[in-house]
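For the sequence shown, the UniProt record's numbering gives the first residue as 1, with consecutive numbering after it.
Check each hint, because a few of them may be wrong.
Computed list of lysine to any residue pairs in SDA-like fashion (alpha-carbon distance at most 20 Å, straight line) [to be verified]: (1) Lys184 - Met233; (2) Lys184 - Thr155; (3) Lys184 - Glu235; (4) Lys184 - Gln158.
Computed beta-carbon distance windows for the label pairs [unchecked claim]: (5) Arg250 - Asp161: 43 to 49 Å; (6) Gly75 - Ala228: 39 to 45 Å; (7) Pro186 - Ala164: 34 to 40 Å; (8) Arg110 - Gly29: 48 to 54 Å; (9) Asp111 - Gln256: 40 to 46 Å.
Source of the hints: derived by calculation from the structure; they are not laboratory data.
Every value quoted in this text rests on a predicted model; they were computed, and no experiment measured them.
Each residue gets a CB set at the ideal place from its N, CA and C atoms; glycine is no exception.
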Amino acid sequence: MAGELAINLATTRGSWGFAEAADGCLQRGISAIAPWRDQVAAVGLAEAARIVRSEGLRVTGLCRGGMFPAETESGRQAAIDDNRRAIDEAAALGADCLVLVVGGLPGSSRDLSAARTMVENGIAAMLPHARSIGMPLAIEPLHPMYAADRACVNTLDQALDLCAYFGEGVGVAIDVYHVWWDPKLPTAIARAGRMNCILAHHICDWLVPTRDLLLDRGMMGDGVIDLAGIRQMIEAAGYTGPEEVEIFSRDNWWRQPGETVLATCIERHANLQSQGRT
Numbered sequence: 001m002a003g004e005l006a007i008n009l010a011t012t013r014g015s016w017g018f019a020e021a022a023d024g025c026l027q028r029g030i031s032a033i034a035p036w037r038d039q040v041a042a043v044g045l046a047e048a049a050r051i052v053r054s055e056g057l058r059v060t061g062l063c064r065g066g067m068f069p070a071e072t073e074s075g076r077q078a079a080i081d082d083n084r085r086a087i088d089e090a091a092a093l094g095a096d097c098l099v100l101v102v103g104g105l106p107g108s109s110r111d112l113s114a115a116r117t118m119v120e121n122g123i124a125a126m127l128p129h130a131r132s133i134g135m136p137l138a139i140e141p142l143h144p145m146y147a148a149d150r151a152c153v154n155t156l157d158q159a160l161d162l163c164a165y166f167g168e169g170v171g172v173a174i175d176v177y178h179v180w181w182d183p184k185l186p187t188a189i190a191r192a193g194r195m196n197c198i199l200a201h202h203i204c205d206w207l208v209p210t211r212d213l214l215l216d217r218g219m220m221g222d223g224v225i226d227l228a229g230i231r232q233m234i235e236a237a238g239y240t241g242p243e244e245v246e247i248f249s250r251d252n253w254w255r256q257p258g259e260t261v262l263a264t265c266i267e268r269h270a271n272l273q274s275q276g277r278t
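Sequences are here, hints too, so could you generate the full structure?
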């Protein structure tokens with residue numbers, strides 16, 4: 001069966017904060033959300049947790065931890081400390097996982113290998129705390145265009161290599177925007193299924209042309225990603241969890257009322273469900 005619709009609260013960032021977005025989702029029968037840490041901080045962690053509990057919301061993930069590479073040892077330690085706080089925040093919200101965007105090249109570095117070693121060291125340092133409170137870590141590989149500034153883990157296979165290395169408590173978040181282009185995606189998704197480490201599935205679309213590589217994601221159906229095909233592969237790999245809409249759209253969807261954004265998400269998700277998936 002097709003996944004439940006979830007809303008990453010980046011999608012309604014243009015018009016709603018945490019409380020408004022939660023209420024807007026609930027009014028439309030959506031009970032699964034994924035907030036960002038700044039949105040939680042704006043309303044307060046205790047209040048956000050109260051809303052989640054009182055309304056019976058499922059938090060499919062907290063965005064985000066990661067950003068491990070830094071030029072100095074103190075900078076790397078500060079990132080680890082912040083990630084430990086993020087684990088606690090995710091636990092307070094009852095999140096399914098903490099999503100990790102691992103970080104890119106620090107400062108003026110050109111050494112990707114060193115950056116990836118910093119990522120491994122950072123995850124190793126935070127993992128005992130995550131395991132101690134049962135909070136899964138979901139590594140999200142990002143499109144190679146972000147290798148320098150946002151994430152030096154750029155393919156699903158790279159992320160799965162880290163999962164294999166760390167073992168228990170580390171999985172992946174598969175965001176179609178970042179992985180749709182990968183010729184090895186089918187085998188990587190099948191591998192993720194064998195490893196039982198798919199923790200989240202994020203959806204949106206890739207627009208042609210894309211006017212801004214960060215802030216011009218498309219609504220499902222407006223671009224070129226084979227969303228139904230990728231979902232079929234993910235379900236064949238054993239994951240039947242939510243399909244989480246995550247759209248950064250500074251000049252389009254963030255300029256529209258939250259009600260309009262959610263109505264469109266619901267309509268487009270229904271269209272995907274009707275495309276013959278089992």
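Checking against the hints above, which ones are violated? Per hint list: 5, 7 violated.
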